[in-house]
Structure formats: C-alpha cells, structure tokens
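Below are the chains, spelled out letter by letter.
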Amino acid sequence: MAASTKAGRIAPYAILLAASAYLYYEALHFDYAHVAGRIGPDAWPRMILILLIALCAWQVLRLALGRDAKSVQGIAQTLEAAAGAPAEDEPPHRAAPVWMGIALTFAYLMLFEIIGFFTASFFYLIALMFVGGYRRPLPAMALSFAVCVCFVLIFMKFVYVSLPLGRGPFLALSVAVMRLLGIH
Amino acid sequence: MDTLHFLGIGLAHIFTQQNFTVLVIGLLVGMAVSIMPGLGLVMGVVLALPFTYRMPIEPSIILLTAIYVSGTYAGCFTAILYRIPGEPMDVPLLWDGYAMAKAGQPAKALGWALVAALTGGLFSSAVMVALAVPMSNIALSFGPPDYFAAVFFGLTTVVALAGTSLVNSFISLFIGLLVGTVGVDPIYGAYRFSFGSPILENGVSYVMVLVGMYGLGEVFNRLGQGLALHGAPAVETRVKTAFPSLSELWAIRGTFLRSSLLGTLLGIVPGAGATITSFISYGVEKQYGKRRDRLGSGLPEGIVAPQVGSTASVAGHMIPLLTLGIPGSGATAVILAAFLLHGVQPGPMLFTDPASKTVVYTILASLFVGVIGMCVLGFFWIRVVVKVLRIPQAVLSAIVVLFCIVGAYADRNSVSDVWIIAIFGVLGYLFEKLRFPIAPMVLGVILGPLAENAYMQTMLSYHNDWTVFFREGLSGTLMVISLLAMCYPFVRHQLLQRQRARAVRVVQR
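Heads up: the protein sequence lines correspond to chains A and B, in order. When the letters of the first sequence are read in order and numbered with the numbering used here, they come out as residues 1 to 184. When the letters of the second sequence are read in order and numbered with the numbering used here, they come out as residues 1 to 509.
Some clues are possibly wrong.
Have a look at the derived ranges for each label pair, beta carbon to beta carbon [said to hold, decoys possible]:
id, chain 1, residue 1, chain 2, residue 2, range
1, A, Trp-99, B, Glu-201, 25 to 33 Å
2, B, Asn-413, A, Ala-103, 23 to 31 Å
3, B, Leu-460, A, Ala-103, 42 to 50 Å
4, A, Trp-58, B, Pro-56, 49 to 57 Å
5, A, Leu-171, B, Tyr-53, 20 to 28 Å
6, A, Arg-38, B, Ile-9, 42 to 50 Å
7, A, Arg-38, B, Asn-413, 32 to 40 Å
8, A, Arg-136, B, Ala-190, 50 to 58 Å
9, B, Gly-104, A, Ala-176, 53 to 61 Å
10, A, Gly-133, B, Tyr-53, 29 to 37 Å
11, A, Met-47, B, Tyr-488, 22 to 30 Å
12, B, Ile-481, A, Trp-58, 52 to 60 Å
13, B, Ala-190, A, Pro-137, 48 to 56 Å
Stretch-level coverage of chain B by chain A, calculated; a stretch enters the list once three of its residues show a Cβ under 8 Å from a Cβ in chain A [what the hints assert, rightly or not]:
id, stretch
14, 40-54
15, 394-405
16, 414-428
17, 457-468
I should point out that these hints are in silico values taken from the structure, not numbers from a laboratory. Every value quoted in this text rests on a predicted model; they were computed, and no experiment measured them. Think of the CB as a built atom: it goes at the ideal place given N, C-alpha and C, for glycine as much as any other residue.
Please put together the full structure from these sequences, using the hints given.
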C-alpha cells in the first residue's frame, strides 16, 4: 500500500520529467535561420525546460528517498499558519463524477457543430446537472431549455456570435428556434 | 492640476447612461460571483469578457473593473453571516468576522467590513491616481532589461508568495512559461511546439487558459465534491448593517493605515493577488497589532485588516497594467485582453495622447464611483444578492460551463478555442488534485511572452551579455529583490528546521 502511494506521488513528476525531456529534444530541432553569435528561438524554452527537468528530477529523487515530509512553503502559507488559521476539513472527493463530467464535455464538443448549439447544449446541461447530483428531471429539462433560449437570444441576437446551427434536421430545428426568437 | 482636470472629465464620462448602467451591472455581477462558492471574481471577469466584444472601450473596461472591485467585498457577507467564504480571500474574515457575528453582533461585523472596503478602495484609488503619471514617466524610460526585470519580479513573487509547496509552485510556473512559448516565435517566426497542428501554430491565448483553469477546472473539481454546499444556510434576510462609531474607528486607525498601505503596495506587485494581500494584512495585524494576542476572538481589527487589504489591492493592480502593460493578476489579465481586443495597448503611451488619457481617467474615476457604489449596494441590496446561494450548485455549475464554452467560442468563432479550454479545464482539475497551485501557471502564461520578448531584445542588443540585468540600476535592484524573495522561503524553512531540531534536543535532555 505504502509502495503504491509512493509510486502515485512520484508518478506526476516522473511524467513531467519525461515530457520535459521530450520537449527539450523538440526544442533542439526548431526550424529557423541561425545567425552566428545570436541566440535563437530555442533559447528561452530550453532554459525553462532545463529548470523544469532539474526540479522534477530533484522531486522524484526526494520522494523516492522518502524526504517529502517537510516541503518549503510559500510566504502566504507561512503567514496563514502564523495567523492561526484552523485547518479546514477537506470535502470528500469522488473521481467518477469528475471523469463523467469531462467525458460529457468532450462528447458535447464533438457534437457541438453536428447537432447544433441549441440541441447539444440542451442535452448537455441536463446530463451535467444529473452528474452534479440534481435529480429532478422535469425542472432540469425546463431549466436547460430556458438557459439555452437565453444563451441563443443573448449571444446570437445581441452579441452577434454565430453559434453552430448543426446539420440536416438539426439545422432546421436551430433555424426554427431562431425564427421563434426573432433572430434573422 | 492636469490629473484633477482629466479625473473630472473621467467622472463626467462615468455618469453617461451607458457607462453608469454597465458600472451598476458590473457591481451586481461582481457581488453575485464572489458570494457563490465555486465562482470567483476572476471567473466573473472572464465570463463577462464576451459581452464586451461589441461595446466601446470605456464601458468594456468599466464593466470588468466593477466586477473586479465588488468581487473583493461581497464575499464578506457569507463569510461573516454563514461562515462560508465565497472566495479564498474571505477566509481571514471567518476568524474574527464570524466570531463577532456569533457573539451577537453580525450587523456590527458587516459595518466594519463595509467601512474597511470603502477605506481601502478609496485610499488605493487615490494613491493610484497620484502615482499613474509619475509611474508612466518612469515606464517611458524603461529599456528591455528593466522591463524583463519587472516581469521577472512579478513571476518570482507569485511563486514565493503562493502555494503549500514551493517546488510545486515553481513547476507550475515553468509549465505556464512553456505554454506561453507555443506557436510562432515573434523574432524569428519559427514554429515552436506546434507539432504541425494549425490550432497550436496560432499559440495558446492566455484568456483560454484562464477560462479553462479557473472556469471549467473549478467546475470539474466541484463535481468531485458532489457540488454540495455543505451547511447551505437558510438565507437570513433580517440582518442589517450597523456602522461603527467615530471613536471606534479612531481606536483602530493604525490597522486602517497599515492595511491600506500594505494592500496598495502589494497590489502594485504583480502576482500578489487579493487573496495573498488579505492573508498578509491579517498576518501583519497578528504580529504587530495592539491586540494581536486576542485576534481571532471577534475583534474589528481582524475584519478590517483583510478587507482593507483585499479591496486596496484592486487599484494597486491597475497601476502596473495601465502604466507598464503588465497584468499582475488573473482579473487584470482579462482587462488587458479587453484593451487589446479594442486595439489599445496599455502602457506609458496611454498617458501621452489626450484621447486615450481621457479613457484612462474614466477608468480611474470608475474605481472611485465603483467603490462607493458597491458599498451603497452592499448596504441596501445585499439581502437580495445573498439569495443567489439558493440556486442549486449543479444548476449553477452547468450554466457556468456553458458560459465558459460560449465565451471561448465567441472570441474567434472557433471550436478549436473551445477544445483548448476543455484541455486546460482538465489540467486545472489535475492541478487541484495534485496540489499544484494554479496562479503561478496562469501568470506564467500571461507574463511569459512579455518576459521572453524583453529577454530576447536584451540579449540581441547587449550581445548575449546576461550580466546587464544586474549592472543597470533599476533592473539590478529589481533582480536582487526578486532573488531575495525567492530565497526567503528557503532560508526561513532552514531556520525553522533548526529551531525545531534545537527544541527537540532540549526536550530530550
């Protein structure tokens, strides 16, 4: 258990270390016309990457050696502790709703242009409210509908943003909604 | 005299129908977002940005600034009355504000907070008006090394100030700086880290990073917490605000003065946001205040110090933005974006042309009117605004997500921008989960391109001689202060470790 916790704490830094090393390699191969005696467009990112690699490597080493108990804190944190801030209770965290919310958002973005803003947003809002723990179907549907109408009205009629209308039957639906709202 | 003349013109501009309407709307929106846990003033400013696309520049900036300023105040109501901090900056108000309310004086606690916000806001606005022209004159003499040093100072202070782990803060900052390098390099025109993708070739707009990390990321994070508002209160509608007497105010004049100066000064430092200012003001009161040993038991000093500090920081933040074009916080970065969207580059040149000078002074005047307006609204209407707490969090979060998505899309009518915010939303959630602070990363994305530009110009002008940053007077001073700020937490950590070890040895003997 302890080993898996340790590995779990090292993992983010190790992943960052590997990614930084790869990006450093990429930075070495930027395509530009080199001028002798002048630093190129790779200088700044390489400098950052070297610092990032060094920090990640140090952190991986520190954690691997079990020396993570007392990390250096920022000044505000120190002052907060000095001010006698009582430790706040961490709310319980469940990963499943988060990843469901993320998956929903990605699905929504994929369908955004195909089924149109109005239809996609209507279903997305209902689903997101459900994932967030709002389990009253009728009010959720009514709220979603009202919010979508408001967004279409505000952004298409007043802010002049051309939100996606969708394709095929969804295009006809979006156009009908727009006509109802007086958007031409 | 010239300053007062332009300030007068600015005040007259504020009271035009459009400007005054957006000011009031901004104040109300700022209050609403700062009251609701999970939303914040940065998110409020970000979400309001799309509405400014079709507005002229004056009302656009007035709207965003009004949200920013009232966002530092309204959270005190939920903190004092219900022990719910709407924003992290309101946490210090829980200790004395809630204690005073619990002791039967909620109206008095609200009164102290109102007077504190008014004092801090007006004091720092006055300082800002006085400093704007001298600062812009200094800024005109800035060369690339000075400019780099100023940005470097902001980057190091945000790391030194924020976070539970300094290593994580640095990593967060470096990731942000790296994100800022994606796209076409401004000097050579070379593609960097674009991997052949047209989306990445355009670079990553910091507004999208802000929307993703602060908007979507926060909603994802709250989904994991069940979107429950633990102990959601039955909204109290009877409590009124009771002002402290003049003698009570005079008794803690030191606290008012200390916190006003501290808030304004820290506000000028890029990176030290309202939250940090609020904590530091409280911390200073705890260390140097007359009744420091009783702080936390419901003293007015414990309400005044953080509230003055956080409200005073707003005007302070506007100084580097307007005079140097350097945004010192997430909210000022969005205000910078609004300037740029209207084709105006903030900086010392704004103070040279009468037309742009009028715009600047209208914005400055809007701060004075905004501070007074938020206090008036707070006094009369806060009982109505507090009712936003009744909106179910799941519903609110869904609406926020939709605002984020439409806002990102509206910028360029591009779905790729929406994908970018979704990716940064996931990153924001991971940052929260892995305890990497978000502020350094966001500031890295915002200030990184400015820092790189100044660094490259210096290197090209001074033949790759990096010692120039330390040899020139202004840049040298700023670089030394930055390095000291970076070293201070390490030195303090070492000293504390030694003290602890010594104490353990004494106990063992």
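Against the structure, the hints come out as follows:
1. Trp-99/A to Glu-201/B: 25 to 33 Å: holds (30 Å)
2. Asn-413/B to Ala-103/A: 23 to 31 Å: The hinted range 23 to 31 Å holds for Asn-413/B and Ala-103/A, with Cβ atoms some 26 Å apart.
3. Leu-460/B to Ala-103/A: 42 to 50 Å: holds (47 Å)
4. Trp-58/A to Pro-56/B: 49 to 57 Å: holds (51 Å)
5. Leu-171/A to Tyr-53/B: 20 to 28 Å: holds (25 Å)
6. Arg-38/A to Ile-9/B: 42 to 50 Å: holds (47 Å)
7. Arg-38/A to Asn-413/B: 32 to 40 Å: Once the Cβ atoms are compared, 39 Å apart, the range 32 to 40 Å for Asn-413/B and Arg-38/A holds.
8. Arg-136/A to Ala-190/B: 50 to 58 Å: With a Cβ separation near 55 Å, Arg-136/A and Ala-190/B satisfy 50 to 58 Å, so the hint holds.
9. Gly-104/B to Ala-176/A: 53 to 61 Å: The hinted range 53 to 61 Å holds for Gly-104/B and Ala-176/A, with Cβ atoms some 59 Å apart.
10. Gly-133/A to Tyr-53/B: 29 to 37 Å: holds (34 Å)
11. Met-47/A to Tyr-488/B: 22 to 30 Å: holds (23 Å)
12. Ile-481/B to Trp-58/A: 52 to 60 Å: Distance hint for Ile-481/B, Trp-58/A is violated at roughly 25 Å.
13. Ala-190/B to Pro-137/A: 48 to 56 Å: holds (54 Å)
14. 40-54: That given contact holds, which follows from 4 residues of the stretch 40-54 of chain B lying within Cβ reach (below 8 Å) of chain A.
15. 394-405: Check passed, 8 qualifying residues.
16. 414-428: As far as the stretch 414-428 of chain B goes, the hint holds, because 6 residues have Cβ atoms under 8 Å from chain A.
17. 457-468: holds (count 4)
In summary, the one numbered hint that this structure violates is 12.
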